[in-house]
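Given these sequences and hints, build the entire structure.
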Amino acid sequence: MAKGRIEVDERHCKGCALCTTVCPKDLISMAMERLTPRGYHPAELRDPEAACTGCAICAVICPDVAITVYRWIPAAKSLPVSA
Amino acid sequence: MDLSEMVESLVYRKPDSLRDVETHYCPGCTHGLAHRLVAEVIDELGMREKAIGVAPVGCSVFAYNYFNMDFAEAAHGRAPAMATGIKRVNPDNLVFTYQGDGDLASIGAAEILHAAGRGENITVVFINNAIYGMTGGQMAPTTLPGQRTSSTPLGRDVEVHGFPLRMCEVLSQLDGAAYVARRSLHDVANIRKAKKALRQAFEVQLNGLGFAMVELLSNCPTNWGMGATDSLVWIEEHMIPMFPLGDYKVGPGVASVGGRES
Numbered sequence: 001m002a003k004g005r006i007e008v009d010e011r012h013c014k015g016c017a018l019c020t021t022v023c024p025k026d027l028i029s030m031a032m033e034r035l036t037p038r039g040y041h042p043a044e045l046r047d048p049e050a051a052c053t054g055c056a057i058c059a060v061i062c063p064d065v066a067i068t069v070y071r072w073i074p075a076a077k078s079l080p081v082s083a
Numbered sequence: 001m002d003l004s005e006m007v008e009s010l011v012y013r014k015p016d017s018l019r020d021v022e023t024h025y026c027p028g029c030t031h032g033l034a035h036r037l038v039a040e041v042i043d044e045l046g047m048r049e050k051a052i053g054v055a056p057v058g059c060s061v062f063a064y065n066y067f068n069m070d071f072a073e074a075a076h077g078r079a080p081a082m083a084t085g086i087k088r089v090n091p092d093n094l095v096f097t098y099q100g101d102g103d104l105a106s107i108g109a110a111e112i113l114h115a116a117g118r119g120e121n122i123t124v125v126f127i128n129n130a131i132y133g134m135t136g137g138q139m140a141p142t143t144l145p146g147q148r149t150s151s152t153p154l155g156r157d158v159e160v161h162g163f164p165l166r167m168c169e170v171l172s173q174l175d176g177a178a179y180v181a182r183r184s185l186h187d188v189a190n191i192r193k194a195k196k197a198l199r200q201a202f203e204v205q206l207n208g209l210g211f212a213m214v215e216l217l218s219n220c221p222t223n224w225g226m227g228a229t230d231s232l233v234w235i236e237e238h239m240i241p242m243f244p245l246g247d248y249k250v251g252p253g254v255a256s257v258g259g260r261e262s
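These protein sequences, in sequence, are chains A and B. The numbers in the first sequence follow our numbering, run straight up by one, and end at 83. The numbers in the second sequence follow our numbering, run straight up by one, and end at 262.
Source of the hints: derived by calculation from the structure; they are not laboratory data. There could be a bad hint or two in this list.
[As the list claims (entries may be wrong)] Cβ-Cβ distance ranges computed for the label pairs, FRET-style:
(1) PRO48/A x PHE163/B: 47 to 55 Å
(2) GLU236/B x GLU7/A: 17 to 25 Å
(3) PHE163/B x ALA51/A: 46 to 54 Å
Note that beta-carbon positions come from the ideal geometry of N, C-alpha and C, so glycine has one too.
See below:
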């Protein structure tokens with residue numbers, strides 16, 4: 001099962017592709033078939049085998065703070081999410 | 001494992017100290033990274049309601065639109081002078097300037113030197129990308145020898161244009177400076193180290209220890225004429241040998257305030 005996932009905010013992503021260079025599982029690629037409202041090809045998570053661990057390295061290098069990261073954890077360990 | 005026992009938890013989201021707006025920075029520009037690190041540190045310190053930033057002239061001139069806190073806009077290079085006044089009138093507020101190399105090291109060299117020399121209790125975030133970004137990629141005081149810019153198309157010739165200024169080394173000589181450090185934003189590990197240095201610099205101010213500055217080596221993909229990924233490699237290969245990373249001044253009492261460990 002999936003351990004984590006990311007959401008890329010396409011209002012903010014400028015297609016710089018830095019996140020694609022740091023993902024340890026190489027799961028992020030540029031969506032060349034579509035454009036953001038500002039005309040960039042956005043980054044997207046392509047994770048058919050649910051390999052994303054939610055390590056958040058992509059979020060650390062994203063210059064436009066476009067990436068939100070989630071991770072699945074046991075319910076017993078969960079803290080209230082402040083969103 | 002049974003999915004029903006698992007819950008999805010938030011690992012990372014945009015810090016509260018950043019507004020949810022589009023920035024005008026070029027794709028891959030590390031100004032966004034520096035903004036985010038400052039915002040994360042101010043969030044962690046719980047000082048957003050008490051923070052006052054001073055925006056410079058340069059690419060980050062619109063920083064007041066991007067940070068979710070009080071901000072003032074200074075004349076070119078005069079952010080440390082403005083921050084001096086703000087901090088002296090409002091000593092309980094967290095006052096910081098956010099300046100580029102053209103702003104801080106060129107037209108604002110007098111202001112930053114004397115703010116550091118006086119030991120003003122402010123925090124300075126200094127973005128060094130070795131070029132004037134906003135005005136079209138002209139030579140800056142920090143431009144590397146041999147570096148091609150729009151005003152040095154054959155490369156910076158030190159016999160004609162002089163040598164680059166190393167601001168951390170200069171300011172660390174002043175008694176008023178409490179914490180002066182240089183970090184880089186070219187990879188994940190260094191971004192994390194940069195955040196720790198920023199935290200240290202803000203805690204120096206909160207403890208009233210004096211002037212603190214963190215220099216962040218940054219990129220300018222557009223005016224360097226390369227892609228975002230290549231520009232980060234260029235920082236590592238060309239800028240770091242000229243501008244070595246490290247703590248240049250850790251004054252009395254600084255090591256004992258937090259932030260140096262994660």
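Going down the list of hints, with the structure as the test:
no. : hint                           : result
1   : PRO48/A x PHE163/B: 47 to 55 Å : holds (54 Å)
2   : GLU236/B x GLU7/A: 17 to 25 Å  : violated (30 Å)
3   : PHE163/B x ALA51/A: 46 to 54 Å : holds (49 Å)
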